[in-house]
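Colleague: Sequence:
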Amino acid sequence: MPLLEPKLGALRPRSVSGPAHDRVPDHRAAGTPEPLRTELTGLLGAEKVLWKVSDLVRYASDASPYRFVPQVVVIAEDIDDVSAVLSYAHGRQREVVFRAAGTSLNGQAQGEDILVDVRRHWAGVEVLEGGRRARIRPGTTVLRANAALARHGRVLGPDPASALACTLGGVVANNASGMTAGTTRNSYRTLSSLTLVLPGGTVVDTADPLADEELARAEPALCHGLMEIKKEIEADPELVARIRAKYEIKNTTGYRLDAYLDGTTPVEILRGLMVGSEGTLGFISEVVFDTLPLDRELCSALLFFPSLPAAAAAVPLFNEAGALAVELMDGNTLRASVSVAGVPADWAELPKDTTALLVEFRAPDEAGRDAYERRAAQLLPGLDLVAPVASVTNAFTRDAHTINGYWKARKAFVTAVGGARASGTTLITEDFAVPPSRLAEACETLLELQAQHGFDAAVAGHAAHGNLHFLLAFDAANPADVERYAAFMDAFCRLTVERFDGSLKAEHSTGRNMAPFLELEWGPKATELMWRTKHVVDPDGVLAPRILLDRDPKAHLRGLKTIPRVEAVADPCIECGFCEPTCPSEDLTTTPRQRIVLRREMMRQQPGSRVLDGLLDAYGYDAVDTCAGDSTCKLACPVGIDTGALMKDFRHRRHSAREERAAALAARRFGTVEAAARLAVAAAHHLPDRVGDGLLAAVMGAARKAVRPDLVPRWLPQLPGAAARRPPATRRVGASAVYYPSCVNRIFGGPGARPGPSLPEAVVAVSERADRPVWIPRDVTGTCCATIWHSKGYEAGTRVMANRIVESAWGWTGGGRLPLVVDASSCTLGIAHEVIPYLTEDNRALHAELRIVDSVVWAAEELLPHLEIRRTVGSAVLHPTCSMRHLGDEAQLRAVAEACADEVVVPDDAGCCAFAGDRGMLHPELTASATAREAAEVTARPFDAHLSANRMCEVAMDRATGRSYHSVLLELEHATRP
4 MPLLEPKLGA
14 LRPRSVSGPA
24 HDRVPDHRAA
34 GTPEPLRTEL
44 TGLLGAEKVL
54 WKVSDLVRYA
64 SDASPYRFVP
74 QVVVIAEDID
84 DVSAVLSYAH
94 GRQREVVFRA
104 AGTSLNGQAQ
114 GEDILVDVRR
124 HWAGVEVLEG
134 GRRARIRPGT
144 TVLRANAALA
154 RHGRVLGPDP
164 ASALACTLGG
174 VVANNASGMT
184 AGTTRNSYRT
194 LSSLTLVLPG
204 GTVVDTADPL
214 ADEELARAEP
224 ALCHGLMEIK
234 KEIEADPELV
244 ARIRAKYEIK
254 NTTGYRLDAY
264 LDGTTPVEIL
274 RGLMVGSEGT
284 LGFISEVVFD
294 TLPLDRELCS
304 ALLFFPSLPA
314 AAAAVPLFNE
324 AGALAVELMD
334 GNTLRASVSV
344 AGVPADWAEL
354 PKDTTALLVE
364 FRAPDEAGRD
374 AYERRAAQLL
384 PGLDLVAPVA
394 SVTNAFTRDA
404 HTINGYWKAR
414 KAFVTAVGGA
424 RASGTTLITE
434 DFAVPPSRLA
444 EACETLLELQ
454 AQHGFDAAVA
464 GHAAHGNLHF
474 LLAFDAANPA
484 DVERYAAFMD
494 AFCRLTVERF
504 DGSLKAEHST
514 GRNMAPFLEL
524 EWGPKATELM
534 WRTKHVVDPD
544 GVLAPRILLD
554 RDPKAHLRGL
564 KTIPRVEAVA
574 DPCIECGFCE
584 PTCPSEDLTT
594 TPRQRIVLRR
604 EMMRQQPGSR
614 VLDGLLDAYG
624 YDAVDTCAGD
634 STCKLACPVG
644 IDTGALMKDF
654 RHRRHSAREE
664 RAAALAARRF
674 GTVEAAARLA
684 VAAAHHLPDR
694 VGDGLLAAVM
704 GAARKAVRPD
714 LVPRWLPQLP
724 GAAARRPPAT
734 RRVGASAVYY
744 PSCVNRIFGG
754 PGARPGPSLP
764 EAVVAVSERA
774 DRPVWIPRDV
784 TGTCCATIWH
794 SKGYEAGTRV
804 MANRIVESAW
814 GWTGGGRLPL
824 VVDASSCTLG
834 IAHEVIPYLT
844 EDNRALHAEL
854 RIVDSVVWAA
864 EELLPHLEIR
874 RTVGSAVLHP
884 TCSMRHLGDE
894 AQLRAVAEAC
904 ADEVVVPDDA
914 GCCAFAGDRG
924 MLHPELTASA
934 TAREAAEVTA
944 RPFDAHLSAN
954 RMCEVAMDRA
964 TGRSYHSVLL
974 ELEHATRP
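Take any residue in the sequence shown, count from 1 to its spot, add 3: that is its number in the numbering used here.
Bear in mind the hints are in silico, worked out from the structure with no lab data behind them.
Please read all numbers here as calculations on a predicted model, not as lab measurements.
Take the hints with a grain of salt, since some may be wrong.
Unchecked claim - In silico PhoX-like links for lysine-lysine, alpha-carbon gap of 25 Å or less: (1) K637 - K234; (2) K249 - K55; (3) K528 - K557; (4) K233 - K249; (5) K355 - K411; (6) K55 - K411; (7) K234 - K249; (8) K10 - K51; (9) K233 - K528.
Unchecked claim - DEER-style ranges, computed between Cβ atoms: (10) R854 - D782: 44 to 54 Å; (11) E352 - G48: 32 to 42 Å; (12) A848 - E115: 54 to 64 Å.
Each residue gets a CB set at the ideal place from its N, CA and C atoms; glycine is no exception.
Please work from the sequences and hints to get the whole structure.
Modeller: The following block contains the structure:
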């Protein structure tokens with residue numbers, strides 16, 4: 004038994020709200036049933052089949068209000084895997100649903116049988132024809148694709164608000180559009196070709212000149228059926244006119260029937276039908292987009308109006324003036340947005356009916372922008388504008404920071420409003436379109452309808468295109484509340500169709516919540532053609548049943564998920580998935596969303612249930628141990644949910660009193676601990692590699708078993724040698740700053756293969772050259788930023804060290820007179836921000852007087868202007884650390900690197916390395932998974948220098964790439980050395 008055994012049952016919920024009616028039943032506790040599990044494992048391999056109940060639960064939720072638990076989850080690696088699953092499903096009358104990012108809002112990413120993950124192994128962008136086209140794999144996010152295209156001055160047409168998380172496979176499958184796409188820049192209009200796997204396993208590349216010939220040979224009935232439907236539609240002029248009219252405004256309800264009019268062959272028809280088909284007709288394995296020019300000259304304004312109808316009435320004026328985007332946000336949206344970082348706090352005081360329009364003009368050059376500004380200036384005096392709070396300016400601006408702030412507030416609509424909803428309520432996101440000329444009228448009637456049914460929804464949307472979204476919150480556990488929602492939906496759908504001839508789904512695609520209303524919008528003839536299309540392409544009904552077509556009039560009420568209350572930091576989560584692409588453990592265990600989803604399922608269960616026991620058994624490793632604790636999820640979440648902080652709290656809960664005492668003792672005696680660690684590293688470095696690595700691995704392995712595996716790190720051969728026993732000599736007199744070498748740089752030395760000064764020597768040298776000398780206090784030994792304890796949830800140890808470092812820094816800096824320069828970004832973050840909750844009241848007052856500066860910021864802002872660059876390297880690749888993202892220091896890192904290298908590259912897939920102090924030594928598999936994509940990008944070409952700003956992050960990237968990373972400050976020292 005380990006010396007420091009974690010407390011049993013520590014992660015068990017302290018209060019369980021269950022049993023909920025939608026809890027996973029106990030007969031599902033064993034996970035995937037037999038023979039399904041054994042057969043799929045034999046077909047695909049064990050590593051591709053997720054079968055534990057915790058796996059099934061974490062994949063059961065997406066950004067929608069629905070929840071369906073699959074029987075099994077398959078991690079498909081390639082088309083062969085997809086074809087094998089489809090063949091298996093055909094032979095056994097099973098159903099298959101494909102899931103990528105899970106950001107869809109209508110339940111499209113959920114299945115009740117075989118769910119296939121097509122995100123993990125399906126990312127990649129190939130820029131073609133100088134950026135005019137792009138070949139993109141379906142698991143690639145819009146943000147990642149646009150990053151590759153931006154270097155060529157190009158951009159994709161679709162621009163959904165969820166671009167940082169949603170993937171191109173889902174964008175095409177839902178015909179998602181966004182703020183500017185409208186009806187001309189969406190997937191249907193800008194998709195050049197795609198490769199798809201049909202339900203029968205046939206692979207079709209619509210760009211292949213022989214595609215129709217090969218499809219006719221492989222699927223003759225399908226080809227015949229599609230052409231028959233085409234003939235039938237074209238023979239009905241009234242139906243043709245109806246179809247064309249429906250797509251004059253944004254519309255994603257049902258299948259794209261205009262594909263039969265636009266396509267002349269079965270392959271061309273299929274290409275159109277796949278857009279917006281929601282995974283019901285086939286799997287999209289690759290897409291080729293025609294891209295658009297990236298106009299970089301912007302002018303934008305956030306204009307405030309007294310009411311929703313007043314704002315809507317102004318939309319046509321800006322459309323006529325050439326605005327690319329006219330986005331609407333009502334008062335509920337604006338007030339909820341104060342939870343978003345950077346949004347003015349006084350928005351919380353806006354009158355209830357206040358509504359804003361975010362108007363943006365984009366031009367390829369300054370002349371075009373100037374022309375737009377003149378047009379906009381002529382419009383403003385005639386508008387009914389108000390300025391109810393001090394932050395409102397009602398003016399156009401070119402300032403990029405201000406414009407980004409406007410868009411951040413707008414894109415946070417769903418999450419910000421959802422986060423502000425009443426605890427325990429389920430969020431519904433509706434999406435409809437009317438002719439833009441009738442937008443003001445639609446706004447008035449929508450407000451009236453909400454009031455009739457007791458809702459006070461938040462409204463926002465793409466006003467330029469007559470497309471509005473609104474959010475409703477209700478209690479899915481309360482039958483009366485569900486009935487209220489059902490009554491509203493019936494009335495809303497009839498109003499949209501019968502009064503406005505609008506689209507019930509403008510860009511979020513049909514999904515489960517609009518499938519029952521398909522015939523209401525399209526009429527019986529067109530709806531039956533959609534059913535026939537499904538039967539022609541998928542005659543056995545294998546793919547995604549009930550997601551787009553459903554004859555059950557109450558299908559939209561089936562599977563509504565309850566939202567049990569969980570820990571306060573996570574309770575606002577609406578399960579949108581924006582956090583997932585930034586999570587280091589995304590491809591290894593769980594994501595922040597899934598950690599919360601699993602916690603909510605625990606709350607649904609009754610005490611003692613076998614499902615609860617199964618979830619708890621898996622949660623320790625899958626959620627808590629393999630969380631890097633980097634909190635980049637907080638940065639990605641529009642309302643700042645910090646799942647990393649929650650996992651640290653769970654680590655704390657698992658600690659016994661003995662373990663907390665031991666951690667506090669280590670903090671109090673850290674000088675001894677530090678010296679012992681440096682001595683051990685030095686001793687290891689002097690042993691022969693083969694003997695030393697094996698011996699140390701064995702010793703550390705034994706210690707892990709004796710103490711606790713999640714406390715004692717493994718020995719890694721790539722660890723650097725020891726640092727010098729003493730820091731370089733400096734003088735306090737005349738110092739411009741106090742230099743604090745972090746404990747990691749006092750224990751570990753620099754890259755062994757790189758001759759030259761240590762990092763402390765380099766910082767001292769370049770500061771001296773810039774006439775900004777620094778002083779290193781003699782008593783830094785035994786102090787630390789407290790991150791060692793904080794990251795593991797040791798509250799007592801964190802408190803000891805947090806107060807020690809602040810008291811020491813206060814004395815070193817002369818009461819804050821000098822800045823404290825810290826040479827590891829994670830330590831800068833720790834001292835500047837993370838120690839604050841653990842400080843005494845007196846020490847918080849001291850901390851408020853300190854100026855804590857990261858060494859990279861010190862170099863960029865204080866040293867570079869006074870340094871002479873004497874030599875540069877040809878190329879450098881940067882690894883920005885997650886701490887630098889929290890601190891906002893990435894620009895300074897790049898500035899220092901650009902002074903030292905002719906070419907500086909930040910990989911598009913750069914992210915948290917997950918080494919997280921020593922977590923990469925506790926769980927090397929976490930770092931390996933977190934760095935895989937960035938490493939592939941780095942190793943695809945040679946670089947002269949590999950740079951970062953944190954020693955352990957550099958070690959992580961050394962391991963991932965096989966190349967030697969070092970501090971950008973070492974490079975700066977070399978570049979300026981006389």
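Colleague: None of the hints should be skipped; say for each whether it holds.
Modeller: So, going through the hints one by one against the coordinates:
no.: 1; hint: K637 - K234; verdict: violated (53 Å)
no.: 2; hint: K249 - K55; verdict: violated (45 Å)
no.: 3; hint: K528 - K557; verdict: holds (21 Å)
no.: 4; hint: K233 - K249; verdict: holds (17 Å)
no.: 5; hint: K355 - K411; verdict: holds (21 Å)
no.: 6; hint: K55 - K411; verdict: violated (38 Å)
no.: 7; hint: K234 - K249; verdict: holds (19 Å)
no.: 8; hint: K10 - K51; verdict: violated (33 Å)
no.: 9; hint: K233 - K528; verdict: holds (14 Å)
no.: 10; hint: R854 - D782: 44 to 54 Å; verdict: violated (20 Å)
no.: 11; hint: E352 - G48: 32 to 42 Å; verdict: violated (58 Å)
no.: 12; hint: A848 - E115: 54 to 64 Å; verdict: holds (58 Å)
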